[in-house]
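Sequences and hints are given; from them, build the entire structure.
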Amino acid sequence: AQSVTQLDSQVPVFEEAPVELRCNYSSSVSVYLFWYVQYPNQGLQLLLKYLSGSTLVKGINGFEAEFNKSQTSFHLRKPSVHISDTAEYFCAVTPAGGTSYGKLTFGQGTILTVHP
Amino acid sequence: DAGVIQSPRHEVTEMGQEVTLRCKPISGHDYLFWYRQTMMRGLELLIYFNNNVPIDDSGMPEDRFSAKMPNASFSTLKIQPSEPRDSAVYFCASSTTRPRSTDTQYFGPGTRLTVL
Numbered sequence: 001a002q003s004v005t006q007l008d009s010q011v012p013v014f015e016e017a018p019v020e021l022r023c024n025y026s027s028s029v030s031v032y033l034f035w036y037v038q039y040p041n042q043g044l045q046l047l048l049k050y051l052s053g054s055t056l057v058k059g060i061n062g063f064e065a066e067f068n069k070s071q072t073s074f075h076l077r078k079p080s081v082h083i084s085d086t087a088e089y090f091c092a093v094t095p096a097g098g099t100s101y102g103k104l105t106f107g108q109g110t111i112l113t114v115h116p
Numbered sequence: 117d118a119g120v121i122q123s124p125r126h127e128v129t130e131m132g133q134e135v136t137l138r139c140k141p142i143s144g145h146d147y148l149f150w151y152r153q154t155m156m157r158g159l160e161l162l163i164y165f166n167n168n169v170p171i172d173d174s175g176m177p178e179d180r181f182s183a184k185m186p187n188a189s190f191s192t193l194k195i196q197p198s199e200p201r202d203s204a205v206y207f208c209a210s211s212t213t214r215p216r217s218t219d220t221q222y223f224g225p226g227t228r229l230t231v232l
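From first to last, the protein sequence lines are chains A and B. This note's numbering numbers the first residue of the first sequence as 1 and each following residue consecutively. This note's numbering numbers the first residue of the second sequence as 117 and each following residue consecutively.
These aren't lab readings, by the way, just hints derived from the structure by calculation. There could be a bad hint or two in this list.
[Said to hold, decoys possible] Straight-line C-alpha distance at most 25 angstroms; calculated SDA-like pairs for lysine to any residue:
# : chain 1 : residue 1 : chain 2 : residue 2
1 : B       : K140      : A       : Q42
2 : A       : K49       : B       : R157
3 : A       : K103      : B       : P177
4 : A       : K49       : A       : N24
5 : B       : K194      : B       : H126
6 : A       : K49       : B       : D172
7 : A       : K103      : B       : A118
8 : A       : K49       : B       : T213
9 : A       : K58       : B       : T213
[Claimed, not checked] Covered stretches of chain A (in silico footprint by chain B; criterion: 3 or more residues with CB under 8 angstroms from a CB of chain B, positions within the stretch not fixed):
#  : stretch
10 : 16 to 27
11 : 56 to 70
The beta-carbon is built from N, C-alpha and C at its ideal position, and this holds for glycine as well.
Structure (structure tokens):
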């Protein structure tokens, strides 16, 4: 089984400041990793994903994440945030193959609030 | 593409009533997922289908919940009888492994269920 821990439930930050949202996971098998964003009253939208290859993954809206296998982490970063980045962010994992393939396990979410 | 379509967007009902939530996945997608989101429990996977066949329903809370996928373009999640603790936002998502896996789940806008 997999589990995901998002270390911060809320992250307030000022506009144009950098931000890091932390995610750690636990799994006995290889996994694929995802970050999703949820704007108020909307469904989830994929920001980026790590399947294999380069451990630095770039996504939409200027976000990037780095997969660190030794630390079982997949932290999300953005060098300069905008007001429009205010949303809830979810880290998720799924087994890379096997009978549970496709089954996402989500973290509890991190609410990012960008202040002017 | 219209994306994943869910109906209704909002549902208010009284305890004991039957509730049916509907989902139309993205055309061509062979996986369909039902999630529930609450403040207390976050995002929970309830059940998922592959090629219209239920693969894992271990997240279905109890016998009051049932889900069907009679064809590739339609799925329902039914709660009978409904209880106040079922109040949540229910999301449907779909993904594909054809012609090659994208591993990305596309979420619908959700159905906000309130049971009085």
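Between the alpha carbons of K49(A) and T213(B), is the straight-line distance 25 angstroms or under? Distance ~16 angstroms between K49(A) and T213(B) Cα, so the pair holds.
Chain B covers the stretch 56 to 70 of chain A, three or more CB atoms within 8 angstroms, holds or violated: violated (count 0)
Starting from K103(A), check that the Cα of A118(B) is at most 25 angstroms away, please. Cα-Cα ~24 angstroms, so holds.
Taking 25 angstroms as the top limit, are the C-alpha atoms of K194(B) and H126(B) close enough? Measuring from Cα to Cα gives roughly 15 angstroms; hence the hint holds.
If you count the residues of the stretch 16 to 27 of chain A with a beta-carbon closer than 8 angstroms to a beta-carbon of chain B, do you get 3 or more? Coverage by chain B is violated for the stretch 16 to 27 of chain A (0 residues, Cβ < 8 angstroms).
Would you mind confirming whether the straight-line C-alpha gap from K49(A) to R157(B) stays at or under 25 angstroms? Status holds; Cα separation ~24 angstroms.
Are the Cα positions of K49(A) and D172(B) separated by 25 angstroms at most? With a Cα-Cα distance of about 23 angstroms, the restraint between K49(A) and D172(B) holds, given a limit of 25 angstroms.
Straight-line alpha-carbon gap K103(A) to P177(B), limit 25 angstroms: holds, 17 angstroms
Would you mind confirming whether the straight-line C-alpha gap from K58(A) to T213(B) stays at or under 25 angstroms? holds, 22 angstroms
Could you grab the alpha-carbon distance between K49(A) and N24(A) and see if it respects the 25 angstroms cut-off? holds, 15 angstroms
Please work out if K140(B) and Q42(A) have their alpha carbons no farther apart than 25 angstroms. holds, 17 angstroms
Checked against the numbered hints listed earlier, the structure breaks hints 10, 11; every other hint is satisfied.
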